[in-house]
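Protein chains: 2
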Amino acid sequence: MRCCHICKLPGRVMGIRVLRLSLVVILVLLLVAGALTALLPSVKEDKMLMLRREIKSQGKSTMDSFTLIMQTYNRTDLLLKLLNHYQAVPNLHKVIVVWNNIGEKAPDELWNSLGPHPIPVIFKQQTANRMRNRLQVFPELETNAVLMVDDDTLISTPDLVFAFSVWQQFPDQIVGFVPRKHVSTSSGIYSYGSFEMQAPGSGNGDQYSMVLIGASFFNSKYLELFQRQPAAVHALIDDTQNCDDIAMNFIIAKHIGKTSGIFVKPVNMDNLEKETNSGYFGMWHRAEHALQRSYCINKLVNIYDSMPLKYSNIMISQFGFPYANYKRKI
Amino acid sequence: MRCCHICKLPGRVMGIRVLRLSLVVILVLLLVAGALTALLPSVKEDKMLMLRREIKSQGKSTMDSFTLIMQTYNRTDLLLKLLNHYQAVPNLHKVIVVWNNIGEKAPDELWNSLGPHPIPVIFKQQTANRMRNRLQVFPELETNAVLMVDDDTLISTPDLVFAFSVWQQFPDQIVGFVPRKHVSTSSGIYSYGSFEMQAPGSGNGDQYSMVLIGASFFNSKYLELFQRQPAAVHALIDDTQNCDDIAMNFIIAKHIGKTSGIFVKPVNMDNLEKETNSGYFGMWHRAEHALQRSYCINKLVNIYDSMPLKYSNIMISQFGFPYANYKRKI
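Protein sequence lines correspond, in order, to chains A and B.
Numbering (full-length UniProt numbering) for the first sequence: 1 to 330.
Numbering (full-length UniProt numbering) for the second sequence: 1 to 330.
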């Protein structure tokens with residue numbers, strides 16, 4: 001019998017057996033792994049999706065995206081309908097829902113059960129139902145821009161995309177869809193109102209001096225600025241459960257020394273409050289709402305010892321949208 | 001005889017005589033002057049008017065008023081009709097008419113015979129009929145802002161007042177009523193056009209990259225900037241008798257590093273060229289006009305070795321003019 005040189009050495013005989021055993025073990029392990037991967041495809045896919053989402057969201061620069069802050073009270077059906085719309089808006093980084101339904105659990109579980117979602121949505125349970133809860137400095141906020149929307153307001157995606165591009169050109173101002181004004185009277189007392197307050201016989205158009213924050217983009221640093229305001233301002237908002245937006249316009253106008261906001265004319269924006277099952281209508285239906293806002297203006301002038309609001313008559317629209325909204329004259 | 005001490009001195013006797021003579025002369029002169037003022041009341045009034053006008057015009061700050069520069073060729077009837085309109089526009093400081101009718105006397109006499117006029121109008125006789133004559137640094141120009149209007153273009157006063165207020169907020173850009181664009185093609189060659197060039201299927205509105213200077217406000221220092229450009233730019237305009245406005249947009253975009261102009265949507269603007277008795281239609285009716293402008297864009301890119309034009313989709317309108325052009329949505 002002619003043995004190969006391996007046979008002759010006892011150590012090498014042992015080596016072959018270990019080698020064979022190792023090979024068998026490896027083969028068995030590979031088969032088991034293969035079986036496992038075959039058995040758990042869905043879990044792996046979800047993880048891949050999440051990984052892709054994380055990479056994408058980290059890729060978005062903080063100037064190129066914005067955070068939606070939506071405060072909600074007693075209109076969860078509207079909220080969820082609106083979230084389904086806003087979650088898909090381009091350049092949205094994250095949603096922060098300010099949950100003012102005290103004692104009622106936020107719908108985290110429902111939200112997660114209906115995932116996956118395009119972007120993260122954080123429900124912030126509040127301790128008291130305050131109007132100014134939405135003006136906190138949220139640690140989850142990572143972007144330079146805030147999109148603030150009332151929980152009954154539906155703004156179309158083209159409107160949002162355009163208004164965000166306008167904000168990027170005017171980042172120190174509130175860029176939004178709802179203009180309002182203050183008027184001064186011969187007594188020196190101010191009043192609050194809208195288009196119907198246009199001075200008659202002036203013949204040369206209207207002016208606005210505020211852009212309401214409930215449908216607007218503004219710089220997220222203004223949340224910190226709001227927090228630093230005199231306690232009297234916060235107290236005024238708490239007492240009236242109103243006027244946080246008027247206060248923000250005062251604060252920003254004072255800060256930048258020019259008109260607080262730029263009005264972008266909305267093409268497709270609706271108020272859905274009539275569609276709620278809760279039977280709850282917004283704060284602005286209270287009898288005293290409008291008078292309160294005039295009251296707030298005069299209080300704020302008192303607190304700041306000045307009227308910092310400035311008038312503007314600039315109305316911005318998107319060139320060529322809707323199609324042919326500009327006709328060649330010459 | 002008791003003399004006063006004066007009588008005794010011979011020099012003093014002479015003094016009294018001189019004094020008496022002087023008094024008589026002065027009295028006579030006063031009477032004559034009085035007679036003269038009684039005889040020439042109208043001349044005095046005109047002089048008073050002129051003095052009042054001078055004081056008023058000197059009172060206008062150079063930032064609060066603008067100079068109209070209107071170049072004209074072969075349409076004197078339109079020119080005079082338009083001057084009657086523009087001379088009354090608020091905040092107008094002066095009009096400079098660039099008289100391109102070579103060999104024909106400018107209508108100074110006719111103009112003066114139909115005075116008085118609200119503001120001074122200077123007719124600048126040119127030595128050659130050049131498109132770029134209107135871009136000279138006129139010594140008569142005292143304001144920071146130029147309003148440049150073609151001699152067949154009627155822009156309403158509300159449009160002008162509003163656009164000027166917009167220019168005051170964006171003084172480094174051309175603020176005007178006629179937007180145009182360049183498009184790039186897959187070959188890298190550019191083409192020139194307007195609204196009808198909107199990219200199909202883009203779905204999100206149009207863009208413009210130029211605002212034509214023939215119906216616009218811009219900073220008067222840009223006239224100096226134009227004069228300092230390479231000779232090739234001036235030669236291009238002279239060769240084509242076209243494209244001075246495209247060149248200005250290139251120059252300004254390059255200078256400020258952002259979009260050269262802001263489009264203000266005109267409410268009431270018309271082209272009067274059909275109303276001329278001269279039978280002369282503007283340059284843009286020439287068969288090669290549009291192709292020339294595409295040609296100019298590519299030549300300018302060549303000269304500047306870059307494409308400095310930037311796109312914008314911002315369209316500005318006046319809030320509340322015409323009445324109720326903004327309806328409350330929410």
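Derived from the structure by calculation, the hints contain no laboratory data.
Hints are supplied without guarantee of correctness; some may be wrong.
It does not matter which identical chain is meant; a pair holds if it fits inside one copy or across any two.
In silico BS3-like pairs for lysine-lysine, Cα to Cα no more than 25 Å straight-line [unchecked claim]:
{"#": "1", "residue 1": "K254", "residue 2": "K310"}
{"#": "2", "residue 1": "K265", "residue 2": "K310"}
{"#": "3", "residue 1": "K265", "residue 2": "K299"}
{"#": "4", "residue 1": "K274", "residue 2": "K327"}
{"#": "5", "residue 1": "K254", "residue 2": "K221"}
{"#": "6", "residue 1": "K124", "residue 2": "K265"}
{"#": "7", "residue 1": "K105", "residue 2": "K265"}
{"#": "8", "residue 1": "K327", "residue 2": "K299"}
{"#": "9", "residue 1": "K221", "residue 2": "K274"}
{"#": "10", "residue 1": "K327", "residue 2": "K310"}
{"#": "11", "residue 1": "K254", "residue 2": "K327"}
{"#": "12", "residue 1": "K124", "residue 2": "K81"}
{"#": "13", "residue 1": "K327", "residue 2": "K94"}
{"#": "14", "residue 1": "K94", "residue 2": "K274"}
{"#": "15", "residue 1": "K105", "residue 2": "K221"}
{"#": "16", "residue 1": "K265", "residue 2": "K81"}
Structure-based check of each hint:
no. : hint        : result
1   : K254 / K310 : within (9 Å within a copy, 33 Å between copies)
2   : K265 / K310 : both (19 Å within a copy, 23 Å between copies)
3   : K265 / K299 : neither (30 Å within a copy, 39 Å between copies)
4   : K274 / K327 : between (37 Å within a copy, 19 Å between copies)
5   : K254 / K221 : within (15 Å within a copy, 32 Å between copies)
6   : K124 / K265 : neither (31 Å within a copy, 44 Å between copies)
7   : K105 / K265 : neither (37 Å within a copy, 50 Å between copies)
8   : K327 / K299 : neither (46 Å within a copy, 29 Å between copies)
9   : K221 / K274 : neither (34 Å within a copy, 56 Å between copies)
10  : K327 / K310 : between (32 Å within a copy, 22 Å between copies)
11  : K254 / K327 : neither (39 Å within a copy, 28 Å between copies)
12  : K124 / K81  : within (18 Å within a copy, 67 Å between copies)
13  : K327 / K94  : neither (39 Å within a copy, 31 Å between copies)
14  : K94 / K274  : neither (27 Å within a copy, 57 Å between copies)
15  : K105 / K221 : neither (29 Å within a copy, 64 Å between copies)
16  : K265 / K81  : within (24 Å within a copy, 36 Å between copies)
The structure fails hints 3, 6, 7, 8, 9, 11, 13, 14 and 15 (numbered hints given earlier, in ascending order).
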